[in-house]
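Protein chains: 2
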Amino acid sequence: MHFDTHSLAAADRLYRLNLINSITGIKPANLIGTVSEEGRENVAVFSSVIHLGSNPPLIGFMRRPVGDAPRDTHQNILDTGEYTINAISQSFAQQGHQTSAKYDRETSEFEAVGLASEYLPGCKAPFVKESRLKFGMRFVQEIEIPLNGTALIVGEVQSLHVEDQAVSASGYIDLQALDTVGISGLNSYYRLEKVAEFPYARA
Amino acid sequence: MHFDTHSLAAADRLYRLNLINSITGIKPANLIGTVSEEGRENVAVFSSVIHLGSNPPLIGFMRRPVGDAPRDTHQNILDTGEYTINAISQSFAQQGHQTSAKYDRETSEFEAVGLASEYLPGCKAPFVKESRLKFGMRFVQEIEIPLNGTALIVGEVQSLHVEDQAVSASGYIDLQALDTVGISGLNSYYRLEKVAEFPYARA
Chain A
198 MHFDTHSLAA ADRLYRLNLI NSITGIKPAN LIGTVSEEGR ENVAVFSSVI HLGSNPPLIG
258 FMRRPVGDAP RDTHQNILDT GEYTINAISQ SFAQQGHQTS AKYDRETSEF EAVGLASEYL
318 PGCKAPFVKE SRLKFGMRFV QEIEIPLNGT ALIVGEVQSL HVEDQAVSAS GYIDLQALDT
378 VGISGLNSYY RLEKVAEFPY ARA
Chain B
198 MHFDTHSLAA ADRLYRLNLI NSITGIKPAN LIGTVSEEGR ENVAVFSSVI HLGSNPPLIG
258 FMRRPVGDAP RDTHQNILDT GEYTINAISQ SFAQQGHQTS AKYDRETSEF EAVGLASEYL
318 PGCKAPFVKE SRLKFGMRFV QEIEIPLNGT ALIVGEVQSL HVEDQAVSAS GYIDLQALDT
378 VGISGLNSYY RLEKVAEFPY ARA
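Residue numbers (the numbering used here), protein chains in the order written: chain A, 198 to 400; chain B, 198 to 400.
This is chain A alone, in the form it adopts within the complex (with noise of 0.2 angstroms):
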């Protein structure tokens, strides 16, 4: 099957953005929790997590144009500062898929989709309890993409939580001990399965 920029721009509309929101692979699954200036709980999933830096431990995702719908997080990021991301495990997969819904600001997509939250030493906003990896991130630079009007949201990682049993003694986790789940274009869910370690690779 292939594709040129004019058959691409000439597909429907819904069938050529499922296909690009496809083609980059398998997207990490995380829940971003934040909390209003009125105490109001967030908790939405985004499949654009990325990291950015390991010193200083930087980490991003990309935020919608702003005015597309209500953007939640993005709000409480910028009048909070705080946020928390948390990795999605098979087990809450279809609850954390459930907050993509465009529920109204008054409603806690934690209560509504059946999800607790958990507040955990030095970050305001909360963690998803279900979640086996999390870590609480401070806002620090939004960098606007002008082309598309989205923008990389970038924080800098202030606390960390995750199961013993999954960091190895040289620091990486296994992500397949945690049920971690991975997300292709919009709504489809993998499980992993660890299959190689290489080593680092000298020419």
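You can take every hint at face value.
Restricting the straight-line Cα-Cα distance to at most 30 angstroms, the calculated cross-link-like pairs of lysine-lysine (BS3-like) are: (1) B:299 to B:326; (2) B:391 to A:326; (3) B:391 to A:299; (4) A:391 to B:299; (5) A:391 to A:326; (6) B:391 to A:391; (7) B:326 to A:391.
Taking CB as the label site, the calculated pair distances span: (8) B:261 to A:262: 25 to 31 angstroms; (9) A:311 to B:315: 45 to 51 angstroms; (10) B:374 to A:305: 37 to 43 angstroms; (11) A:393 to B:391: 17 to 23 angstroms.
These aren't lab readings, by the way, just hints derived from the structure by calculation. Here the structure is a predicted model, which means the values were calculated and not measured. Every residue, glycine too, gets a C-beta built ideally from N, C-alpha and C.
Let chain A serve as the given structure and place chain B on it in line with the hints.
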């Protein structure tokens, strides 16, 4: 296991590197193919390829700080304006990983690791013949992240090649059917098994 900013900063450098490289979850495994103005081919594994938008179809990836090491991929993209992104399947994951070794600029990683290059209509840069999902890119913009000297390289999809049987009627790509792998940290590879396809979520 818990870390705060102090215990993270105090951790062994390599341990912290592995840990922070692992916390975002599964990452896509892609090979980026380029060619220099003199016609020297280059291919290198990247785990930071990210969907930025579908209309126009924009894809990004992170480049490391300039001057960190020879960065043929980056230089070739700036020089020629084109590159390819090729999904890694399990059958050639080892060769794909081996492209991360520091070969000198005169060496083609295609030859060094045993992958075949191929040229397809509408793109000057080489594709990876073994890849079952690949797309040609036109360089659009480099967006610097001042905090750590990295940058997001933004490009637009120009062409797409994917095996017919992996594309659904609605445009989704089945990553398991293509035996596509994911990466955790720097060197752990995972195979993907589709476990759920959830409907568009409604409140």
